[in-house]
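**Q** As a plain string of letters, each chain reads:
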Amino acid sequence: MSELILDSVPGLPSLYRSALISSVPLPWARGRSAKGSGIPELPTVRHSVAGVQASVADLTRFQQLIGAPAHDLLPSGFIHTIAFPVAMSVMARADFPLPLLGMIHLRNSVEHRRAIHFSEKLSISAWAGDLRPHPSGAQVDLVTEVTVAGEAVWTGRSTYLAKGSRLAGAAIAPKEERTTFVPPRLTTLWDLPGSTGRSYAAVSGDYNPIHLNALAAKALGMKQTIAHGMYLASRMVQESKPAGVESFAWSIDFRSPVLLPARVALAITPRQEAGTWRGAEITAWNARRAREHFTGTLTRLAGTD
Amino acid sequence: MVDQSAEQGSTQPSTSVRNAVVIGGNRIPFARSGGPYAYSSNKDMLTAAIDGLVARFGLQGERIGEVAAGAVLKHSRDFNLTREAVLGSALAADTPAYDVQQACATGLETVIGLANKIKLGQIESGIAGGVDSASDAPIAVSEGLRRVLLDLSRAKTTPQKLSVLSRLRPRDLTPNAPTTGEPRTGLSMGEHQAITTAKWEITREAQDQLALNSHHNLAAAYDRGFFSDLVTPYRGVTRDANLRADTSLEKLAKLKPVFGKGAAGATMTAGNSTPLTDGAATVLLGSEDYARRHNLPMLANVVDAEAAAVDFVHGAEGLLMAPVYAMPRMLQRNGLTFDDFDFFEIHEAFAGTVLSSLAAWENEDFCRNTLGLDGALGTVDRSKLNVNGSSLAAGHPFAATGGRIVASLAKTLAEKGSGRGLISVCAAGGMGVVAILEAREQ
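For the record, the sequence lines run as chains A and B.
Note that this note's numbering has the first sequence beginning at -6, numbered continuously upward.
Note that this note's numbering has the second sequence beginning at 41, numbered continuously upward.
Keep in mind that a hint or two might mislead.
Just a few of them, taken from the derived set where beta-carbon distance is under 10 Å, the chain A residues facing chain B [said to hold, decoys possible]:
no., residue
1, P176
2, D184
3, S192
Read the hints as simulated data drawn from the structure, not as lab findings.
The beta-carbon is built from N, C-alpha and C at its ideal position, and this holds for glycine as well.
With the hints as constraints, model all of the structure from the sequences given.
**A** Structure follows, in structure tokens:
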């Protein structure tokens, strides 16, 4: 895999603008993929930026929005927002074989190996991998690695779905059987106002129109604006993890989008061993209708806190 | 579950300090929110309650050692609520004051704090109290408008100011009203209690019976004149406006559940839960010397108190169960058991709260494994429980409840002339405070 060194973290608005221009119907299978040979290929290049430092003002606003104490360590989701434009720049490449706008966020998994202070100089590297079929299209992983002086401190893998993008030559993935969801006893309730997407866009810089404006969301196939997956994930991690645990892994699987405004019910079940927090299991669903929104898991890592 | 046995706290009652005594109390009748006190502020009601106490004990122009009170729903302009109430009262203007906020335990905590100062000889007299208005609740500007206004005050040039103002959006003009939800879980107190009520399998009938007893006991206490020297009429209200002397199990049974409705067999109704209430209560405390010099009565000694908190956030324990943990620690320290008490004042936030606490203390497994005791803590004799009514009947103006309970229990002990009384108050944030009063030797 080759490496493209960027001077700085690219701006998301310009990435979205170029994505908007290239979203003019132009089926990738004809124009943007490897020519006629069956399964399209992902770009074999990683995009990297060095010397990235968090803005304290952005950090404070992010912490306040997700209800985290405003200490000097970076929340796991905040690192994602810093690194996300680098991953986006990979997806916005002309040779990236899936349409960027309207892609659906299916899953995140993150290893957050140690406490990361806002003053640390971060090196960010992102690449795409594992393009594979999904019952409703094609899915791909964007891997983002954050290192400090060569030490990998944070690794995130985001899985996205491009609906309707059939991978020519690949077998169609079988549909998972839908089981009826029986809500567990709730422990937490989130009242998310209609402005949730706009508020998170303001602190994360992720101005994807499906989070901002109902008309834009409809144009991209959603009934209403939806909450950012990383907003939900950041709050989930914040509310499930005891303060002081700074070496942990977490993952979130999105089952249905959170249409705004929303009441999201959660059951957060901690795992304890001999009085020590080992992790937690999370289920979240629509409090009005028993429809599952996401499940998540946290696991304490053996590293130092 | 963290081991909450006595090891972290004090295990010895201090014997080298003097007594702090409850001299008396005064409150205004409590009223449902939106009722007769709808336009009275916290400061108005607290001043009224203090002035009633002043009149009752001849404290006009007196300098009191310290006045401590608080409110749970508090305007930012009321940062010095208690001092402002003192300045508006008939007390001497050189009486110092401070505010306390410990959610629904605020009132009880003011009594404990001032009693401790009296015991240590720092003050001779103190007025403890609390007030809350759910009617005159503070409403804040939206977060967006607040940030714009703050940044505007820091902007120096006109272009800077215009740039800040351009951030204002129509939605920023929608104000924020307070909610009863727990900040960390988003669940209302009732929803939290519904989880605990279900866990301890407390029946609807038992909750309705407790509510009925509360109304009947409070009505009987009014009828025999018990409150004539504890309550001063205000705004035309002479009795707690929530009191339903004629309620019955049949009437209570007709009410529909309001909390825990998601699950089958919801049991908590408006009848066995406290309503949002307005009101204020005060307690006069002093040293024995102070009471004698001023020829004032001594109703009871403030013996001891203990606070506890539980980790309710992920359901390790119920939100309102902290008093269950505080109780054995305090009893152990004083070498007492439930059998040593003649009266139990367990705050009725919800009937389910009282009954869940009683069930926990009676449960052998829970007391052994969770409280770390040798066996069940004991059974509270129901005939000694909330004998003059409690919050289900009187209502619950959050910070005022502690003062109501302490004054009523002290008078009950003085009437009997012997014995001890136990107080248990649960509070938001998974907290709870318990306390012991004892009758004065006759």
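**Q** Honestly, which of those hints from before does the structure not fit?
**A** none
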